[in-house]
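Protein sequence lines correspond, in order, to chains L and S. Going by the numbering used here, the first residue of the first sequence is number 1, and it counts up by one from there. Going by the numbering used here, the first residue of the second sequence is number 230, and it counts up by one from there.
Honestly, the hints are just simulated from the structure, not real lab data. You may find that some hints are simply not true.
As the list claims (entries may be wrong) - Computed list of chain S residues with no C-beta within reach of chain L, every gap over 10 Å:
1. M236
2. M237
3. E248
4. G251
5. H259
6. H261
7. T264
8. D274
9. P292
10. L295
11. R302
What the hints assert, rightly or not - Under 8 Å between C-beta atoms, here's a sample of chain S residues computed to sit facing chain L:
12. V289
13. P291
14. W296
15. I299
16. I303
Nothing here was measured: the structure is a model prediction, and the numbers come from that model. Glycine included, each C-beta is placed from N, C-alpha and C at the ideal position.
The residues making up each chain are set out below.
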Amino acid sequence: MSDSSAPTQLSSPVRTGHIDGDDAPRPRRPAGFAPAASPDPSEAQVLARAQAGDHHAFAQLYSLHKRRIYSLCLRMVGNIAEAEDLTQEAFLQLHRKIGTFRGDSAFSTWLHRLAINVVLMQLRKKGLSLISLDEAMEPAPEEGPGRSFGAPDLTLAGAIDRLALERAVADLPAGYRLIFILHDVEGFEHNEIAAMLDCSIGNSKSQLHKARLKLREALRAHSQQEARL
Amino acid sequence: MREKNRMMSCEEFQAQLPELIGSGENAAEHEHIKTCDLCRALLADLETIAEAARQLFPVVEPPDNLWDQIESRIKNEEGPDGARGRVPSGAVPHPQ
Chain L
1 MSDSSAPTQL SSPVRTGHID GDDAPRPRRP AGFAPAASPD PSEAQVLARA QAGDHHAFAQ
61 LYSLHKRRIY SLCLRMVGNI AEAEDLTQEA FLQLHRKIGT FRGDSAFSTW LHRLAINVVL
121 MQLRKKGLSL ISLDEAMEPA PEEGPGRSFG APDLTLAGAI DRLALERAVA DLPAGYRLIF
181 ILHDVEGFEH NEIAAMLDCS IGNSKSQLHK ARLKLREALR AHSQQEARL
Chain S
230 MREKNRMMSC EEFQAQLPEL IGSGENAAEH EHIKTCDLCR ALLADLETIA EAARQLFPVV
290 EPPDNLWDQI ESRIKNEEGP DGARGRVPSG AVPHPQ
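Extracted from the complex, chain L is given alone in its bound form (with noise of 0.2 Å):
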């Protein structure tokens, strides 16, 4: 029986045993598609060590992704119980099939692939907002350019609430915050995005360009009703 949940094969260059645990902080690469840092020797051997059966190797990769992976689930679903739930569910998953990991992707990057997975899985079993990756990877020819006009005394001035855009995003339907949230919060590429979900870096592009318009759109109707208060 096949898993819908397992991490293909993916098609970028190999970077054997790439692992940048979350003790590494990703750097923010402003433009381009540059590799990611140049992979740990050491960080290779836990891997490799986990991938033959030694349980203290896997509990050292958990502690080096636990908390980008927790995080994520948490940005995803905003609650802590279900966030716990889905990391655990998660790091079973990498148990199962780390033996598959071949190093065609940076292991982060298929260790992401797989909670986002997880997550996915969840979101759809609870029949929430099934607008999710589906849905964000098909082009919406209704929400064109032309939607994102607006008077520019409305701009947003430089200045955000942070409430306000934590709430806008958790309203995001589920495609477009997972790109948001991987992009912009977490500072993947959108060459590791399209990795990660399977889609086209065009398409990575684009549909974060949407979530960020849809941001705005809530943010400068937050301003509008602030101001008539």
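Got chain L; can you put chain S on it based on the hints?
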């Protein structure tokens, strides 16, 4: 030549915007932005949102007992003999 120099409409510019921003080009230097208040405001807002996103949702630590739960489920899945049991799991230290 005339086509090349024709002023780009807002629709045309905004259609290119995802690629312009996503490829790291400086969209603020685009000819259209220099002459269009509307698109300049849009671009500024999108940049503000992307910048503010970096301050959102700080990376948080899962509770310490989460590993215990994961380890316990792994042991249950492996059974008493340890399906993968090449390395004994009994003395796995709590990951820091």
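Verification of the hints:
The claim that M236(S) is not at the interface with chain L holds, since no C-beta of that chain comes within 10 Å of its own (minimum 16 Å). Distance to chain L confirms M237(S) as a non-interface residue, since its nearest Cβ pair spans about 12 Å, more than 10 Å. The Cβ of E248(S) sits about 6 Å from the closest Cβ of chain L, inside the 10 Å cut-off, so the non-interface label is violated. Non-interface call for G251(S) relative to chain L: violated, since the shortest CB-CB distance, roughly 3 Å, does not exceed 10 Å.
No beta-carbon of chain L comes within 10 Å of the beta-carbon of H259(S); the shortest separation is about 14 Å. Every CB of chain L lies more than 10 Å from the CB of H261(S), the least distance being 12 Å, so the non-interface label holds. No beta-carbon of chain L comes within 10 Å of the beta-carbon of T264(S); the shortest separation is about 13 Å. A beta-carbon of chain L comes within 10 Å of the beta-carbon of D274(S); the shortest separation is about 5 Å.
The non-interface label for P292(S) is inconsistent with chain L: the shortest C-beta to C-beta separation is roughly 7 Å, within 10 Å. Not every CB of chain L is more than 10 Å from the CB of L295(S) (nearest about 6 Å), against its label as outside the interface. Against chain L, the non-interface label of R302(S) is violated: not every CB pair exceeds 10 Å, the least being about 6 Å. Because the smallest distance between the Cβ of V289(S) and any Cβ of chain L comes to about 5 Å, under 8 Å, the interface hint for this residue holds.
Evaluation of the P291(S) hint against chain L yields a held restraint, the C-beta minimum of about 4 Å falling below 8 Å. With a least beta-carbon distance of about 6 Å to chain L, the hint placing W296(S) at the interface is held under the 8 Å criterion. Proximity of I299(S) to chain L holds as hinted, the smallest CB-CB distance being about 5 Å (cut-off 8 Å). Interface restraint check for I303(S): the shortest CB-CB distance to chain L comes to about 5 Å, inside 8 Å, so the restraint holds.
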